[in-house]
Amino acid sequence: MTDQTDGTLPPESVEPEKLEPPREPAFNLPFGLVCILGLLVAIHVMRTYVLSASIDNELVFNFAFLPARYDHALSDQNLAWLWSPVTYSFLHGSWDHLIFNGFWMIAFGAPVIRRIGMVRLAVFWCLSAIAAVALHTAFHWGEMIIVVGASGVVAGLMGAAARFVFSPSGRISRQFAHLNRRLPITQALSNRSVVIFTGIWFLTNLLIGLGLFAFGGQGGIAWEAHIGGFLFGFLLFGLFDPRD
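With our numbering applied, the sequence shown corresponds to residues -5 to 238, in that order.
To be clear, the hints were calculated from the coordinates, so they are not data collected in a lab.
Using N, Cα and C, we set each Cβ at its ideal position, and we do this for glycine too.
Mixed in with the good hints there might be a few duds.
[As the list claims (entries may be wrong)] Taking CB as the label site, the calculated pair distances span: (1) ASP70 x ARG175: 24 to 34 Å; (2) TRP75 x ILE49: 15 to 25 Å; (3) PHE97 x VAL54: 36 to 46 Å; (4) ARG175 x GLU137: 36 to 46 Å; (5) ASP65 x ILE190: 34 to 44 Å.
I would like the entire structure built from these sequences, with the hints used as guidance.
Next up, the structure:
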């Protein structure tokens, strides 16, 4: 018996129960982000293991982004020019490509989703995808280049996160970064952590553009789309952020 009702002390051999501090889970992702990742995986599984090559090629042609669409009369083609600036972001060229984007989406998408919610994220996703391929098209006008992948959106999430994830000490709290104050653009550009982060990010994409190294699988990398997405997220995140 460990319950003492007569005022006597428990035997010395009985140690009081030790309370352990709660452990932070290794993965504690917003449900909306889990749904997005599940959708991206499901689409790629379907394309890789279910659809025939001919049907998959037709799907890519109609839902991937091609700059050449906008060099021809829109009346002479189907409506893929209308939806493909968004739908391309749900297709990926390989498992490596998908896993690479998923990793960075977990890192930077989680705090953004916690901060703005899924409705605003849906709008942010669509507009950052459009901004990404808009800059890409400016460099590749009229070219038959197939663009797929969520990289432009991920870059937008990185740009948005740079406005608020860094604490005054420069560190990032994985669970509480979304509660930080959003920095105005001028303050963000004078914040040492933000400047280092964005500097490394732009340098990496410059090296990718020069062909010195590549990430996320084989094939060409639309590094211009990365920059378009990042600039959109960094410069316009305040339009989506309900916090001061």
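Hints, verified against the model:
1. ASP70 x ARG175: 24 to 34 Å: violated, 51 Å
2. TRP75 x ILE49: 15 to 25 Å: Taking Cβ atoms as reference, TRP75 and ILE49 lie about 21 Å apart, which means the hint holds.
3. PHE97 x VAL54: 36 to 46 Å: At roughly 23 Å between Cβ atoms, VAL54 and PHE97 fall outside 36 to 46 Å, so the hint is violated.
4. ARG175 x GLU137: 36 to 46 Å: For ARG175 and GLU137 the Cβ distance comes to about 42 Å; the hint holds.
5. ASP65 x ILE190: 34 to 44 Å: Since ASP65 and ILE190 have Cβ atoms about 40 Å apart, the given range 34 to 44 Å holds.
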